[in-house]
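There are 2 protein chains.
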Amino acid sequence: MAQARLIEELIESLRALPGIGPKAAQRMAYQLLSSKKKEAERLGRTLLEAVDKVHRCPSCNNLTDSDLCQYCASPDRDDSLLCVVESVADMMVIEQSLSWSGRYFILMGRLSPLAGVGPSDISFNHLVQRVGDERVKEVVLATSFTPEGEATALAITEILQRYYPQLRISRIAKGVPAGAELEYTDVNTVAQAMLNRQIRENN
Amino acid sequence: MAQARLIEELIESLRALPGIGPKAAQRMAYQLLSSKKKEAERLGRTLLEAVDKVHRCPSCNNLTDSDLCQYCASPDRDDSLLCVVESVADMMVIEQSLSWSGRYFILMGRLSPLAGVGPSDISFNHLVQRVGDERVKEVVLATSFTPEGEATALAITEILQRYYPQLRISRIAKGVPAGAELEYTDVNTVAQAMLNRQIRENN
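Protein chains in written order, with the working numbering: chain S, 663 to 865; chain D, 663 to 865.
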């Protein structure tokens, strides 16, 4: 026998959250309705307000509740530099690294022939248009180093080179992660780090 | 630089969910606002409706949106048998095991002197009253086999024996779990299973 309808419905709705299975959803529902009613109400209200007001930034695809997202609206960023990422989460990691002062463009996905995701499913046309409109001088490709991410970077390179032969196109560096010990790093990464070695200037 | 206010607020609200840290909350928020707006809206509405309508069953402390929960309201259950559990989740596991046809009583916690949880913080008085009112014949203690759960079971036994000397009080069996291999079972459990061995009847 199941629980009351409303509780079942809440458990079912919680399962829409990424990474939440039936057991976790049940535990969440009981806790929210037992000892966290205030938090549950706040979450409910915030969800409805966010769904209503948050939309894609028309310039870069970031999520925002203003006309333009704060990265596109900021006057302090360099319009000639554009960093292309797969997702909002990827963009946030680059922001947190404090290593980028240009603009962003979010593809909202990556090419994946197996999953039926082609160039028209992610924002290729929008990217080509934006690069032209804003006289971008360098596009940095910061897609993942997975097969799909690499294929996406390659496809963007080909398209942009065709439209804008003068454009500088770069790819973020692949190498041994900060803090990693060589002994425990996979050989592909080590090989790539060796090939991409940086020459130290003489003093 | 952080994200837009509403998105930050949603991430913060999602962290109230049990087991959700800052990274998971961020991932959830982006996904809900990117590709799962419909699910997010449904979750928001269900949360608000459930917070508004779900309450404790006055008879057993279960969560319900009716006057009495369905286990207390059902005419098919044996009033003389009462199973005492710590939480709604524990009650649901027993229900799913199809091993109980009596009523339930949910303590909403367990004794924990270290955390400052005493008999008055969990529903001891309510339990004593219910056992008397409904002429219960047997109380089955189904609290956990943790130190706190065992202490809770012991305290309930002492109180109920004082008030109702005729009442039968039992404890669910401790032993080797179904499907477990002895080799990998902890020795305390094996010792308990040996002490509590059941005599097989001769054919």
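Simulated from the structure, these hints should not be mistaken for laboratory data. Bear in mind the structure is a predicted one, so any value in this text is a computation, not a measurement. Just to be clear, a hint being listed does not mean it is correct.
When chains are identical, the list treats them as one kind, so a pair holds in a single copy or across two.
Claimed, not checked - PhoX-like, lysine-lysine: derived pairs with alpha carbons at most 25 Å apart: (1) Lys836 - Lys799; (2) Lys715 - Lys836; (3) Lys715 - Lys685; (4) Lys699 - Lys836; (5) Lys700 - Lys836; (6) Lys799 - Lys698.
Hints, verified against the model:
1. Taking the closest pair of Cα atoms, Lys836 and Lys799 come within 25 Å of each other only inside a single copy of the chain (22 Å); across copies the shortest separation is 71 Å, beyond that limit.
2. Proximity of Lys715 and Lys836 under a CA criterion of 25 Å is satisfied in neither setting, with 38 Å inside one chain copy and 54 Å between copies.
3. When the C-alpha separation of Lys715 and Lys685 is checked against a cutoff of 25 Å, the pair qualifies only between copies, where the shortest distance is 23 Å, while the shortest distance within a copy is 31 Å.
4. For a Cα distance limit of 25 Å, the shortest separation of Lys699 from Lys836 qualifies neither inside one copy, at 47 Å, nor across copies, at 35 Å.
5. Taking the shortest alpha-carbon separations for Lys700 and Lys836, neither the intra-copy value of 46 Å nor the inter-copy value of 38 Å comes in at or below 25 Å.
6. Taking identical chains as interchangeable, the C-alpha atoms of Lys799 and Lys698 are never at most 25 Å apart, the minima being 51 Å within one chain and 35 Å between chains.
Hint check: violations occur at hints 2, 4, 5 and 6; the rest are consistent with the structure.
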